[in-house]
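Undergrad: Using the hints, position chain B against chain A.
Those sequence lines, one after another, are chains A and B.
Per my numbering, the very first residue in the first sequence carries number 2; after that it's consecutive.
Per my numbering, the very first residue in the second sequence carries number 2; after that it's consecutive.
Check each hint, because a few of them may be wrong.
[Unchecked claim] Away from chain A, derived, C-beta distances all over 10 Å, residues of chain B:
hint, residue
1, E86
2, S127
3, D171
4, F204
5, G219
6, E235
7, N298
8, A353
[Stated by the list, open to error] The calculated lysine-lysine pairs, modelled on DSS-like cross-linking and capped at a C-alpha distance of 25 Å, are:
hint, chain 1, residue 1, chain 2, residue 2
9, B, K52, B, K335
10, A, K52, B, K52
11, A, K300, A, K335
12, A, K52, A, K335
13, A, K296, A, K52
14, A, K52, B, K300
15, A, K139, A, K117
16, B, K335, A, K335
17, A, K296, A, K335
18, A, K300, B, K52
19, B, K300, B, K335
20, B, K296, B, K52
21, B, K335, A, K52
22, B, K52, A, K335
23, A, K300, A, K52
24, B, K117, B, K139
25, B, K52, B, K300
26, B, K335, B, K296
Read the hints as simulated data drawn from the structure, not as lab findings.
Cβ atoms here follow ideal geometry from the backbone N, Cα and C, with glycine treated the same way.
There are 2 protein chains.
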Amino acid sequence: MGEGGASVSALAFAVTARDSGSFARCGRLTLPHGVVETPVFMPVGTQATVKSLTPADLTDDIGAQIILGNTYHLMLRPGADVIRELGGLHRFMAWERPILTDSGGFQVWSLGDLRKIERDGVRFRSHIDGAEVFLGPKESMAIQQALGSDIVMAFDECTPYPATRDQAADSMRMSMRWAADCRRHLPPNDQQALFGIVQGGVFDDLRLESLQQLEEMGMDGIAIGGLSVGEPLEEMVAVLDGLAPHLPPDQPRYVMGVGTPQDLIRGIDRGIDMFDCVMPTRNARNGTLFTDSGKLNIKNAIHQRDPSPVMEDCSCYTCRNFSRAYLRHLFMSKEILASRLNSLHNLHYYCALLQRARAAIAAGHWPQFRDSILQAY
Amino acid sequence: MGEGGASVSALAFAVTARDSGSFARCGRLTLPHGVVETPVFMPVGTQATVKSLTPADLTDDIGAQIILGNTYHLMLRPGADVIRELGGLHRFMAWERPILTDSGGFQVWSLGDLRKIERDGVRFRSHIDGAEVFLGPKESMAIQQALGSDIVMAFDECTPYPATRDQAADSMRMSMRWAADCRRHLPPNDQQALFGIVQGGVFDDLRLESLQQLEEMGMDGIAIGGLSVGEPLEEMVAVLDGLAPHLPPDQPRYVMGVGTPQDLIRGIDRGIDMFDCVMPTRNARNGTLFTDSGKLNIKNAIHQRDPSPVMEDCSCYTCRNFSRAYLRHLFMSKEILASRLNSLHNLHYYCALLQRARAAIAAGHWPQFRDSILQAY
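Looking at chain A on its own, in the form it has when it is part of the complex (with noise of 0.2 Å):
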């Protein structure tokens, strides 16, 4: 795992560029299916599929370099035999650069009452056809290699914001025990890396005590799992400043489910290098495009007879082509076209926003151009 470690790992990540004031930096990120330039922002493809895009706009237009699966989705429909059958999620979405698979965890803890606890892993009811499932460590990894994923995620937990100390810590252990499962069932190989994820809520202590296990579990990379659920901006903030002088250096960094660009920048500025969210896309079907003078809520009517672009200066399809005045009317008219020409224009911002990051990062101007951002809404 380590620099110049002679242990098997599916991946090699080298520092490329550090700022001297924060913890901010580039990485090289090297899978099996390509090289990923760090910070990076993920598209989520829940179900085998960025909503509404293609792999060409993907590459093309966006500039995405690795994408997210969904574990628990696709186990459900089309089933992961059915995947792995069809040569794995790369080749059934016609996807050829690297992909991170969350493990299911996430969102059968998301399922509340449908689903129950038990030592091994979560018992739960499918939420397309009611049947019984049951997801765990074991479980998880197999699927996660039908899939052929570039990363695997370990299953865990998501601990509850609010959560008691005893109720984190509970939690936080359960997980860690998981995540020594997922290892035991995926070893270190050359074909997928495994990321353990932090829990322990907003106790700095239970955070370094999970980061350290993980460690010594040998993982290829750490997760910070448990944020964006609720808790308040400076407590999300508290956990990536507790956490950011003891990361791994050696390691890429990611932090799930995060968020505004105002959070990843954020994220960056404490050593993070990776990150996913929904928000982009799920904004865009909603009619909200992500601006760096702030959101814009393209269903307005002062965007009527609109002729600018979204952003003046974005060069995505959407903005290059298309009048706020067309978005607006595609939304209003409920034409599929919105979602796409949005969620186009959203991913690119995201995806070349930290593309920004990277490059301010590496020219030494990274605390202007994270203040610039920081301000902007």
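TA: Positioned in the frame of chain A, the structure of chain B alone reads:
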């Protein structure tokens, strides 16, 4: 309008090849926004978008040469004045090739009891906000001028099926009076061509009377309306058979709202140059895909693990990249991408079918090609 005539027209039409045993022919239609090789299929862009697709999809992947816009829908939303202010329909939807706009006549006719026919047009209530709207020849010409389409359709009444001879005659004669009004409001010019629409139900002599009147009005092209409105296939074919020997040889001919791949082949065989239909896009959104061996229902369980493309030798983006199993998964998962990939294939199929028809006519083997498609289903 005739060959060698000195009249101003926004179009030029030259027949480039003929089949010796039928009325099938190839032509080159030159319009203000470009050249169209006929026979041609025109994808329908009802609300200033061919549903789910971008202009780049239509030109690069589908090979669409000309598309349709819809006066009724666009006058209600976003409004013809909005589109004019934004530079016309081409600029609004970023489509640089020719556009044909219908007159709105068919849509208000489809409103049934919600509309009232008056001497100079139709009074109806908007399906969007219930506002009372009046649309007649004068209004339709003004709106289509604001839209800036290359080809403007005369405002007419679609004669219902079935209709008595008297009903069909009265309806046709009102349409001819309205057609003359349209020509008066939109005199021959070099910006927008005007097509008259032959009506007359299933009565050959009424159809010929209608055709003759339109020719006397100096239309730039001839459309055949009132087909695909519930009549049996034989009735539609009989109408085309009755008109075929009498259609003006030097003008483009367009059958409106037709139809299946076989209907297109039958139309070409009877001298038709232009077609439009929502069938390929609507069927796509319902999971029905066109192939040379017939229609395919992607929902069918037989496709669940099928790694083959929709059609083996199809060169569309969908067939080049995705399996039937993946398309079925997208459809069952209600993913937006299902509509898009299916629409891409179906429109590609239609446009490629007509490209193959052109090649067959030019190469002198139209009868073999025609029969191979008619026997496929």
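Undergrad: Evaluate each hint against the coordinates.
TA: Consistency of the hints with the structure:
Consistency note on B/E86: stated as away from chain A, yet its beta-carbon is not over 10 Å from all of that chain's, at 6 Å minimum. For B/S127, the non-interface assignment is confirmed: its Cβ lies about 13 Å from the closest Cβ of chain A, beyond the 10 Å cut-off. Listed as outside the interface, B/D171 is consistent with that label: its C-beta sits roughly 36 Å from the nearest C-beta of chain A, beyond the 10 Å cut-off. Listed as a non-interface residue, B/F204 keeps its Cβ farther than 10 Å from every Cβ of chain A; the least gap is roughly 39 Å.
Look at B/G219: its CB is around 35 Å from the nearest CB on chain A, clear of 10 Å, so calling it non-interface holds up. Annotated as non-interface, B/E235 keeps its C-beta farther than 10 Å from every C-beta of chain A; the closest such distance is 37 Å. Chain A leaves B/N298 outside its interface by the beta-carbon criterion, the shortest separation being 17 Å against a cut-off of 10 Å. Remark: the non-interface label on B/A353 is consistent with the geometry, its nearest Cβ contact in chain A lying 20 Å away (cut-off 10 Å).
The suggested pairing of B/K52 with B/K335 holds, with an alpha-carbon distance near 16 Å, which does not exceed 25 Å. A hinted pair counts as satisfied when its Cα atoms are at most 25 Å apart, and A/K52 with B/K52 qualifies at roughly 16 Å. For the suggested pair A/K300 and A/K335, the alpha carbons sit about 11 Å apart, so the restraint of at most 25 Å is met. Using a Cα cut-off of 25 Å, the hinted pair A/K52 and A/K335 holds, with the two alpha carbons roughly 16 Å apart.
For the hint pairing A/K296 with A/K52, the CA-to-CA distance comes to about 20 Å; that is within 25 Å, so the pair holds. A C-alpha spacing of about 19 Å is found between A/K52 and B/K300, which places the hinted pair at or below 25 Å, so the restraint holds. The straight-line distance between the Cα atoms of A/K139 and A/K117 is roughly 17 Å, inside the 25 Å bound, and the hint therefore holds. At roughly 16 Å between alpha-carbon atoms, B/K335 and A/K335 fall within 25 Å of each other, so this suggested pair holds.
For a cut-off of 25 Å, the pair hint linking A/K296 to A/K335 stands: about 21 Å separates their Cα positions. Between A/K300 and B/K52, the direct Cα distance comes to roughly 19 Å. Compliance with the 25 Å bound is thereby established for this hinted pair. In summary, the hint linking B/K300 to B/K335 is supported, as the alpha carbons are separated by about 11 Å, within the 25 Å threshold. Using a Cα cut-off of 25 Å, the hinted pair B/K296 and B/K52 holds, with the two alpha carbons roughly 20 Å apart.
Simply put, B/K335 and A/K52 have alpha-carbon atoms about 10 Å apart, close enough for the 25 Å limit, and the pair holds. For the hint pairing B/K52 with A/K335, the CA-to-CA distance comes to about 10 Å; that is within 25 Å, so the pair holds. The hinted pair formed by A/K300 and A/K52 meets the criterion: a straight-line CA distance of about 20 Å does not exceed 25 Å. A hinted pair counts as satisfied when its Cα atoms are at most 25 Å apart, and B/K117 with B/K139 qualifies at roughly 17 Å.
Pair hint B/K52 plus B/K300 holds up; C-alpha atoms about 20 Å apart against a cutoff of 25 Å. Restraint check for B/K335 and B/K296: satisfied, since their Cα atoms lie roughly 21 Å apart, inside the 25 Å limit.
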